[in-house]
Amino acid sequence: MTDIVQALWGGILTGSIYGLMAVGLTLMWGAVRLLNLAHGALYVVGGYAAWTFVDHGVPLVLAVALAVVATGAVGYVMFLVVIRPLLGRAMWDAASIIATVGVATGIQALVLLVYGPQVKKIDPFLSGVYHWEGVAISRQGIAVTVIALASLLLVYWYLGSSRQGMAIRSVSQNLDAASLMGVSVHRTYAIVVTLGAALAGLAGVVLSSILFLSPSSGFNPMVIALVVTMFGGLGSVKGTIVAAYLTGIFVSVVQVYAGAQYALPGLFLLMMIVIVIRPHGLFGRAPVQRL
Amino acid sequence: MSHAVLEVEGLTSGYLPGVDVILDASLTVAEGELVVVLGPNGHGKSTLLRSLSGLVSPSAGRIRLAGEDITHARGDRIAAAGMVHIPQGDLIFPDMSVEENLMMGAYVKPAWSHRAGALARVLDLFPTLASRRAELAGSLSGGERRMLALGRGLMREAKLLMIDEPSLGLAPVIIEQVYGRIAEIKASGQAILLADENADHVGELGDRVILLESGVFVREGTPATLLSDTALLTAYLG
Chain D
1 MTDIVQALWG
11 GILTGSIYGL
21 MAVGLTLMWG
31 AVRLLNLAHG
41 ALYVVGGYAA
51 WTFVDHGVPL
61 VLAVALAVVA
71 TGAVGYVMFL
81 VVIRPLLGRA
91 MWDAASIIAT
101 VGVATGIQAL
111 VLLVYGPQVK
121 KIDPFLSGVY
131 HWEGVAISRQ
141 GIAVTVIALA
151 SLLLVYWYLG
161 SSRQGMAIRS
171 VSQNLDAASL
181 MGVSVHRTYA
191 IVVTLGAALA
201 GLAGVVLSSI
211 LFLSPSSGFN
221 PMVIALVVTM
231 FGGLGSVKGT
241 IVAAYLTGIF
251 VSVVQVYAGA
261 QYALPGLFLL
271 MMIVIVIRPH
281 GLFGRAPVQR
291 L
Chain P
1 MSHAVLEVEG
11 LTSGYLPGVD
21 VILDASLTVA
31 EGELVVVLGP
41 NGHGKSTLLR
51 SLSGLVSPSA
61 GRIRLAGEDI
71 THARGDRIAA
81 AGMVHIPQGD
91 LIFPDMSVEE
101 NLMMGAYVKP
111 AWSHRAGALA
121 RVLDLFPTLA
131 SRRAELAGSL
141 SGGERRMLAL
151 GRGLMREAKL
161 LMIDEPSLGL
171 APVIIEQVYG
181 RIAEIKASGQ
191 AILLADENAD
201 HVGELGDRVI
211 LLESGVFVRE
221 GTPATLLSDT
231 ALLTAYLG
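Protein sequence lines correspond, in order, to chains D and P.
Heads up, the first sequence is in this note's numbering, so the first residue is 1 and it goes up one at a time.
Heads up, the second sequence is in this note's numbering, so the first residue is 1 and it goes up one at a time.
It is worth saying that the hints were derived from the structure and are not from the lab.
Virtual Cβ for every residue (Gly too), placed ideally from N, Cα, C.
Fair warning: there could be bad hints in the mix.
Said to hold, decoys possible - To spell it out: a stretch of chain D is covered by chain P in this simulated footprint if at least three of its residues, at any positions, have a beta carbon under 8 angstroms from a beta carbon of chain P; those stretches are:
#: 1; stretch: 166–172
#: 2; stretch: 175–183
Unchecked claim - Reference excerpt, derived from the structure (chain P facing chain D, CB under 7 angstroms, subset only):
#: 3; residue: H85
#: 4; residue: F93
#: 5; residue: Y107
#: 6; residue: V108
#: 7; residue: Y179
Said to hold, decoys possible - Pairs of lysine to aspartate or glutamate, DMTMM-like flavour, derived with a Cα cap of 20 angstroms:
#: 8; chain 1: P; residue 1: K159; chain 2: P; residue 2: E7
#: 9; chain 1: D; residue 1: K120; chain 2: D; residue 2: D55
#: 10; chain 1: P; residue 1: K186; chain 2: P; residue 2: D124
#: 11; chain 1: P; residue 1: K159; chain 2: P; residue 2: E9
#: 12; chain 1: P; residue 1: K186; chain 2: P; residue 2: E7
#: 13; chain 1: P; residue 1: K186; chain 2: P; residue 2: D229
#: 14; chain 1: D; residue 1: K238; chain 2: P; residue 2: E135
#: 15; chain 1: P; residue 1: K109; chain 2: D; residue 2: D176
#: 16; chain 1: D; residue 1: K238; chain 2: P; residue 2: E100
#: 17; chain 1: D; residue 1: K238; chain 2: P; residue 2: D95
#: 18; chain 1: P; residue 1: K159; chain 2: P; residue 2: D69
#: 19; chain 1: P; residue 1: K186; chain 2: P; residue 2: E31
Excised from the complex, chain D in its bound form (with noise of 0.2 angstroms):
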């Protein structure tokens, strides 16, 4: 019983996260049709400019909010610079990927040039942990709960009501009539692309004060988040938030009944079973034909 309370509390935690991360890569895809690997290194992005302000004597709530604005940054200067210069050329889906593993592994190479490989840790917003009949939860846990489902929660009201959310899925429904509406596709692509690296900037912040930060430390939840969205039927929102948390108690039970070890190994094998069963996810339908 102990265990299982465990389990589903850990997994819930990690879904969170894993939420984070995969919210911004079933956006871009949806509306952009660009596979983001450099999704992990954006995450890198958010933990160590955290840091950064923390070492800097910024006091943390504002260190965090200030990374997830850096590493929203970061990713609208990737679209200027790298993804816009590919839309609409032959190739884009080749082009996009290898562009972005091409940002991903810069970041990295900058982030071990400027901090080295030594691991780093944001320290927690809140310590303490809550002890009931054998399980442990730490405050810092619930607050990084709390901080990633209202984030989600958020950008599922802004998708859903708002006028520039609107636009977002119109424009991953039908460009043609998104363009006719009024709405201009690029800027849409360069909100998107921004949006989503501040969530994974988020994810990151989040996170490492839980987990040691390194430069490579986002390939992990990259990865996770990539199974996450398929679970989801890649491009839907909704679907990638109730796989997120599905796949977060997942992991976590394999972690605590069979072994660290065999959390992504079991992942992937479920992944296999899943995609042969549901090809378009557990939410996802057959895709949308876009011209």
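Following the hints, position chain P against chain D.
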């Protein structure tokens, strides 16, 4: 003639370099005027409208909307400048509700703040849409999608309203309704450019008719003179 809403001079346009679908086309639409481009399927009507709304980039010529040069402007800029293009085919947002699709018709800034009133008017005009407003647009039938596209185009004020094949895929009784609506819109003083392959309705509706054949404007005149020439109509429209 009053001030021209649309002025097109020597427009040449197509999808592939060197393969022009529209050749050296010139036309004007005056304020409050309804101009019909009549021609068989596949002769360039849709390409003409798509070139005017920025979905296809012209290779030569000049386009002015209310005096403003929009020849090489992006689609969203042209829309913001007051062009409303009700396209042919399935240019709806399938994963949005009917109501959200209509709301997108009022996306342009000044219209957005009046969207509630516009929505009420459009739902009034198309009761079918009203009864399905919460459903996903992707679940609509072909005729309902057509009505959705029409309704969406009426969600904001337009300097020029372009309608591509208003009756395509609609049941006869609904076709009558749609042309009735277009007549009402015209009566309100709206400038309209209508592309049609069917001469049945444009006689009483159009101020001027242009015949399009293989991407070239071959004849232009009042409906009375053009449409009374049965030999001509048979030759061009079959």
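| said: Can you verify the interface hint for F93 (chain P): is its Cβ closer than 7 angstroms to any Cβ in chain D? | reply: This interface hint holds because 4 angstroms falls under the 7 angstroms limit.
| said: Under 7 angstroms is the threshold here; is the Cβ of H85 (chain P) close enough to any Cβ of chain D for the hint to stand? | reply: Constraint on H85 (chain P) satisfied, holds at 5 angstroms.
| request: Starting from K186 (chain P), check that the Cα of D229 (chain P) is at most 20 angstroms away, please. | output: violated, 25 angstroms
| Can the stretch 175–183 of chain D be counted as covered by chain P under the rule of three residues or more with Cβ-Cβ separation shorter than 8 angstroms? | holds (count 8)
| Within a Cα-Cα threshold of 20 angstroms, do K238 (chain D) and D95 (chain P) meet the stated pairing? | holds, 13 angstroms
| field | Proposed proximity, E135 (chain P) with K238 (chain D) (alpha carbon, max 20 angstroms) | value | holds, 18 angstroms
| query | Straight-line Cα separation of K186 (chain P) and E31 (chain P) no greater than 20 angstroms? | reply | With a Cα-Cα distance of about 10 angstroms, the restraint between K186 (chain P) and E31 (chain P) holds, given a limit of 20 angstroms.
| said: Holds or violated: K159 (chain P) and E7 (chain P), Cα atoms, limit 20 angstroms. | reply: Satisfied, since the Cα-Cα distance of roughly 13 angstroms is no more than 20 angstroms.
| Does the structure keep K238 (chain D) and E100 (chain P) at a Cα separation of 20 angstroms or less? | holds, 17 angstroms
| request: Given the hint that K159 (chain P) pairs with E9 (chain P), test it: the Cα-Cα distance must not exceed 20 angstroms. | output: holds, 19 angstroms
| Can we keep the Y179 (chain P) interface hint, with Cβ of chain D closer than 7 angstroms? | violated, 22 angstroms
| Should the interface hint for Y107 (chain P) be scored as holding, given a Cβ-Cβ cut-off of 7 angstroms against chain D? | holds, 5 angstroms
Checked against the numbered hints above, the structure violates hints 7 and 13; every other hint is satisfied.
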